[in-house]
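Residue numbers (the numbering used here), protein chains in the order written: chain G, 1281 to 1634; chain D, 1281 to 1634; chain B, 1281 to 1634; chain S, 1281 to 1634; chain E, 1281 to 1634.
FYI, nobody ran anything at the bench for these hints, they're computed from the structure.
Any given hint could be a false lead.
As the list claims (entries may be wrong) - Within a straight-line C-alpha distance of at most 27 Å, the following computed BS3-like cross-link-like pairs (lysine-lysine) qualify:
1. S/K1631 / E/K1575
2. G/K1446 / G/K1325
3. B/K1306 / D/K1477
4. E/K1575 / G/K1575
5. B/K1358 / B/K1416
6. D/K1358 / G/K1441
7. B/K1632 / S/K1358
8. E/K1381 / E/K1498
9. G/K1477 / E/K1632
10. G/K1416 / G/K1358
11. B/K1629 / S/K1358
12. D/K1506 / D/K1477
13. B/K1631 / B/K1575
14. B/K1441 / S/K1358
15. B/K1402 / B/K1506
Letter by letter, the chains look like this.
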Amino acid sequence: MGRNSNSRAKKTGLSSGSLVHVGRRKIDRPRITILDYDAERVYEKVVDSIDECFPFHQTATVTWINVDGVHDPDVVEKIGKTFRLHPLILEDIMTTSQRPKLDELDEAFYIVARMVDLNERKTEVITEQLSLVFGKNFVLTFQEEPGDMFDSVRERIRGGKARVRKLGPDYLAYALLDAVVDHYFVVLENVGDRIEKLEEELIRNPQTETLHAIHTLKREMLLFRKAVWPLREVVAGIERQESPLVRAATNIFFRDVYDHIIQVIDNAETYRDILAGMLETYLSSMSNRMNQVMKLLTIISTIFIPLTFIAGVYGMNFVHMPELKWKYGYFVVWGIMIVVGLGLVRFFKRKKWL
Amino acid sequence: MGRNSNSRAKKTGLSSGSLVHVGRRKIDRPRITILDYDAERVYEKVVDSIDECFPFHQTATVTWINVDGVHDPDVVEKIGKTFRLHPLILEDIMTTSQRPKLDELDEAFYIVARMVDLNERKTEVITEQLSLVFGKNFVLTFQEEPGDMFDSVRERIRGGKARVRKLGPDYLAYALLDAVVDHYFVVLENVGDRIEKLEEELIRNPQTETLHAIHTLKREMLLFRKAVWPLREVVAGIERQESPLVRAATNIFFRDVYDHIIQVIDNAETYRDILAGMLETYLSSMSNRMNQVMKLLTIISTIFIPLTFIAGVYGMNFVHMPELKWKYGYFVVWGIMIVVGLGLVRFFKRKKWL
Amino acid sequence: MGRNSNSRAKKTGLSSGSLVHVGRRKIDRPRITILDYDAERVYEKVVDSIDECFPFHQTATVTWINVDGVHDPDVVEKIGKTFRLHPLILEDIMTTSQRPKLDELDEAFYIVARMVDLNERKTEVITEQLSLVFGKNFVLTFQEEPGDMFDSVRERIRGGKARVRKLGPDYLAYALLDAVVDHYFVVLENVGDRIEKLEEELIRNPQTETLHAIHTLKREMLLFRKAVWPLREVVAGIERQESPLVRAATNIFFRDVYDHIIQVIDNAETYRDILAGMLETYLSSMSNRMNQVMKLLTIISTIFIPLTFIAGVYGMNFVHMPELKWKYGYFVVWGIMIVVGLGLVRFFKRKKWL
Amino acid sequence: MGRNSNSRAKKTGLSSGSLVHVGRRKIDRPRITILDYDAERVYEKVVDSIDECFPFHQTATVTWINVDGVHDPDVVEKIGKTFRLHPLILEDIMTTSQRPKLDELDEAFYIVARMVDLNERKTEVITEQLSLVFGKNFVLTFQEEPGDMFDSVRERIRGGKARVRKLGPDYLAYALLDAVVDHYFVVLENVGDRIEKLEEELIRNPQTETLHAIHTLKREMLLFRKAVWPLREVVAGIERQESPLVRAATNIFFRDVYDHIIQVIDNAETYRDILAGMLETYLSSMSNRMNQVMKLLTIISTIFIPLTFIAGVYGMNFVHMPELKWKYGYFVVWGIMIVVGLGLVRFFKRKKWL
Amino acid sequence: MGRNSNSRAKKTGLSSGSLVHVGRRKIDRPRITILDYDAERVYEKVVDSIDECFPFHQTATVTWINVDGVHDPDVVEKIGKTFRLHPLILEDIMTTSQRPKLDELDEAFYIVARMVDLNERKTEVITEQLSLVFGKNFVLTFQEEPGDMFDSVRERIRGGKARVRKLGPDYLAYALLDAVVDHYFVVLENVGDRIEKLEEELIRNPQTETLHAIHTLKREMLLFRKAVWPLREVVAGIERQESPLVRAATNIFFRDVYDHIIQVIDNAETYRDILAGMLETYLSSMSNRMNQVMKLLTIISTIFIPLTFIAGVYGMNFVHMPELKWKYGYFVVWGIMIVVGLGLVRFFKRKKWL
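Go ahead and model the full structure; you've got the sequences and the hints to work with.
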């Protein structure tokens, strides 16, 4: 992660607005799809060249252009020119370690969000940058790689009956953000499951691996929080702007997304607290084991050390040791040793160590 | 808990406003009761179909419709249509992991609160979602399962003399919220009792179970706080809105509920601090025991190891060992051993270890 | 404490405003005193029935009615009617676990403060609720039990020359709050003394009791803070309200009380930090002792275990052990053992363990 | 410190505004100096009686009266009358445990600041209260004892060319506060030096005394922070008030003092963080030593305990022990013991314990 | 660091505005360069005397004067007079331990920023003060020593096509701040690399040096944060001021810098959290090792101590010890010892200690 978030260092010294891709390149060439619709009609195409998209910009229909892969300056720059985006916005689109934010442009909103997902084996949380621009009759989305959480939105557009077809690009922007936020719940559920497993492990048989797993989860929650927390401000900002781009009827939907984000943050905080509690539990169960080990050592040593001493005494080779010649000396010594041993055992029982 | 709060993940990808129940289904079919009253008259019925309720909506009397079980989209949708609730509100009603919040609708307030209760064996804190809508002449409440803390409110309505009969739905909403908040005190008292028991245990004989109990309580307080904290904003919001739906005379009652919530939060914070202190006490009492164990081991070892060495020396089989042949050698050695032993005991006494 | 703060649970389910005493009953029957004065005249009486007080309400003089014991609904209700207090206020007066707060009524201010005192043996901090209502020409105070910190105020009123005689009920209210706050300093001084004693103990000879004492003090500071912190808002609120009930000339006095409260909070925070530091010191001094114990054990064991081994070797009974028959074998072995022992002592000295 | 900050407890019960000195009396009789100047002229005198000062009050020149020692109510009261200060202000002047604060009076500002200095051996941080009143043509300063950080200001006034001679009492007030704040840097530098010394000690040879020194520094920083933090608000307040007493030209200087205070606080916070880190380092270096001690014990015990056992076996006196009669039995046993010993040494080397 | 930040103590007692260099002197004599440009022309020179710069002040072109080395009061004072800077500003320029801040002067902005860099071996974070003044047609920069992060800006100015040539001094100020902030990313990347290395070390083989390295990094992040955090307010302030000195077209660029600073802070916070987690990991891995050591000791001792006791018993020299004369006594005893030993090994295996 350290890697990723700082890789913009390589851009140092360049004039602002010079388009250089900053981030890991995850795909060979950008894949561009277009979805153009109004209440009556839907048109959908995977285009070869970005130029094919531009005619749609003129029409009154809602045009959604989705670009997977943001490392090609030409593509980004062409779109920028057509939709009149400020060079700094284009730069932000190509720098994939942005923090979620909202920029109000002259005729559009620019939103950066972070899509959070699990890796393929569902063992790690990964994030991907989503740049979303929406204006009077268009929505642009830029993702780092193909494969996203927007299929359900596309399905609804194709279906034709859904509210999305009747409402404008602000509603589409909402629907996309909502899909992103809904996916946060999926990730949280996975984290919740892993926490539950770890909790059982913690009670049954805590191991060094348990500790590592807790720390890993803690760090993932850190990453998660970093991706989600600023989005709250973004969505609150859309509501607050009172721009003509967002209709009153759509505002209540953004309010709904806002509530969901609050809830995501709330749950993430709870998980953090739970993980902190688990760390404490781990440490005290470790120190508990240590206590047990020490007790055993103490009990064994404390019982046998005096007995060994007694045996040692009668192992001495003095010529004049009267006890040695007594007929029952040996048995008396055994008796003494048994009494001493049992006395110590009783002592430990009284102290509740045994 | 992890389970519950994320189960909305299963809804991912659906259009907002599509009614799907999200949460554990706790009851077979919804149970709907109606209570219609004004200063003179009370009418009460358990209805079979939600349609029976609607005529009451037109009258000037206060109509309280209570629904136990929110998993049936039909019921919720019908109510939504009659009372003109936004689809997102209906969605929230059916998603039972909501955070407490206040939505101001066109002609009504929508309030989400969380009822906190103890499980049957009074050993665990559980929460249930209460959705409350109140408008000009109606109050709707949605709960996840039958059995609630509102019987005293119903009693007062039936009784006929109480203030609730003379005042409108805003006062009824207040009375219901007040009942929810009063129950928080019941739960806190139970927690307080359990803390007191644990404190005694902690002083008398701390065990691993004590630690687990402290951690469990800590997590319950986390859950409790999550349920109560946002309610503060909700109630403060009702006061602030200055809506015609809330009369000035009722406002002072909401202010009173607000004070109670602050006090609940205050007490919960105090319990959290006390629990944190108890954890510290547990850990230091553990390390204290460890110290005692180590001291005993050290004392026993330190006294007997040198003595055993002396005995070992005179157990050697050298042919020429003058001491062995001395008549009083054996007794002199005993003397030396006693002197060494007593000296060490005195040393430990001076060090205050014995 | 847990007890007290939640005992309002027993009121659950009652309509708001129904007067039930919530809290520990500390006195048999309420004791009511009246003090009526203006610049020329003072009248003082312990009354049998609350009715005796009411004539004074009509006069232009300042009337101070003090009630010790708030468990009798009749008394509280009668006063409430005469002075036109809202039922919720009466309820608050009878519920003695209130958080400090300020309510602005139509013609009066209602203030809840908590008097903090030490128990009789000066070993514990206890709190008592003070309800204070002041209006145009009256001040009402409600305490849980007789015995308070207001004698100096009474003395000044009786004396006749003091500023209190010339100014109105707002100044009397100030004087009473000032007395409460001044007492906080007395309590803090006691806490400061106990902390100083503990610090000496901590350096001289820390014990498990020291730890318990630190924890007790920490919890008392928690309680103290809970009682004092909200009072700050209360007094700031009186200043801010700009009510005709508080003259400009009195405002500066409330500002002074405010400064004192800030200072109390400041000192209490400092004590909390000091106590936290003391806990750390205790723990590290404990672990220090442990280190010493372990070192001793290690030194003794490490010196004697090898020596005992050597003695053990020559205690073996092999027929062919050439050393045993050497004339100086025994002495040579002693030499070896002394060399090994001294070598180890030097080793420990070099490691700075001895 | 506990002492000092609460000693106002002894004033409990007195009417506000009754002048009693609260704090440690540090000097026999107050020492009063007067400095009267304008752009042309300077007059300076140590006066016997406070009455000598008052004629200067009438003139248009800037009059600076400095009082060392605030325990004499007569002196304070006389000044109070002449300069028309509210009784509560006089009370504050005589109570030397005030928190820094700003009071805007009718025709003057009242400022409480805390001068922080080192004790004579430069080993401890001590604070002293400075009360500063400035009005249209006068500045009053009250200190607890003679000796201060204002000599450079006096020097500049005497010198005659400095800006202070041309500007009014607001600039003098600024110059005095600036001197106080500049001294904070001196104290911080001393603390910084002590921290550096401790850090070396911590790496070279940490001792219990090191721990005590860290804790002492931590507590001093607590005291320091308490003295400095509220001053920030005070200076910000002077700027904000927009009083005619503070000219626009002086405002930029107060802004400069404000920046310095921020920087002092910033550095103090950094020291706190560093000290917290040093505590962690101390504890982990302690536990590191403990580890080393335990390892040595374990290695020695683990090597010799089995060997001693072997020796013990052949020290048994059974009649039939074939090994004992073998010619090379003794040497074979030595061989076994060497093999076992070396094997264990290798085991420890592989585990990286040796 | 302690050193540096307090060295202003040496200035104590001087009148404000007297120019004395406070900070470490890092260069012999100041090196002054001038860069004067507009859209058509660039003029660049290293000047010997500051006087050469002043003619450029009159022209309409953008004049950038950069001074490396701020210890010479003459140079700073001359510039101050020409560009009419307040004496306090000059004082701030010469005091190189300033916190980042923004001062709005009559006709210029004064900005303090801290340039963060790595030392030559890339093992430590160091900071240097940058004072930046920009007005209607000039930018002044003051650095402590030659060598900076502005070469790319100079390159772009010389190149002639860049936006910087067409826009005014506000854009140049932006470009310089942007270069400073971009360098923060370089430093963060280095920190990230070091953290990654430490993490591997922590898992592979944690050592005392690892701990020291973590602590060093933690302190560097402290320093870093202190340098970066206040810059956020500075840049936000430039936007907020709405001064004619900053054109609307430039504002969006400052907004961009602001976003970058937020991101730097965000990453720095994440590193702090990661470092805190690493400390925890270190400590628990240490205590884990300790556990292993203790277990080994316990196992060895617990197995051999009883066996040694048995051997001791049959080493006693009693005349009447029947077992000694049994033919198979020796072998039976061996049998018992093996049984006891194996029993204990099984016990440990069941306890999962082996």
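Please verify whether G/K1477 and E/K1632 have alpha carbons no more than 27 Å apart.
Measuring from Cα to Cα gives roughly 21 Å; hence the hint holds.
Are E/K1381 and E/K1498 close enough, with their CA atoms no more than 27 Å apart?
The given pair, whose Cα atoms are some 24 Å apart, holds under the 27 Å limit.
Under the criterion that the straight-line Cα-Cα distance not exceed 27 Å, is the pair B/K1632, S/K1358 satisfied?
violated, 66 Å
Are B/K1358 and B/K1416 close enough, with their CA atoms no more than 27 Å apart?
Cα-Cα ~19 Å, so holds.
Are B/K1441 and S/K1358 close enough, with their CA atoms no more than 27 Å apart?
holds, 21 Å
27 Å Cα cutoff - pair B/K1631, B/K1575:
The hint holds at about 11 Å.
Restraint status (C-alpha distance of E/K1575 to G/K1575 at most 27 Å)
Holds - the C-alpha atoms of G/K1575 and E/K1575 are around 11 Å apart, at most 27 Å.
Check the hint pairing B/K1306 with D/K1477 against an upper bound of 27 Å on the C-alpha distance.
holds, 25 Å
Within 27 Å, alpha carbon to alpha carbon, are S/K1631 and E/K1575?
Holds, because 14 Å separates the two Cα atoms, which is no more than 27 Å.
Mind checking the alpha carbons of D/K1358 and G/K1441 for me, to see if they're no more than 27 Å apart?
holds, 21 Å
27 Å limit on alpha-carbon distance, applied to hinted pair B/K1402 and B/K1506:
holds, 20 Å
Against the 27 Å threshold, does the CA-CA distance of B/K1629 and S/K1358 hold or violate the hint?
violated, 70 Å
Of the numbered hints stated above, those contradicted by the structure are hints 7, 11, listed in ascending order.
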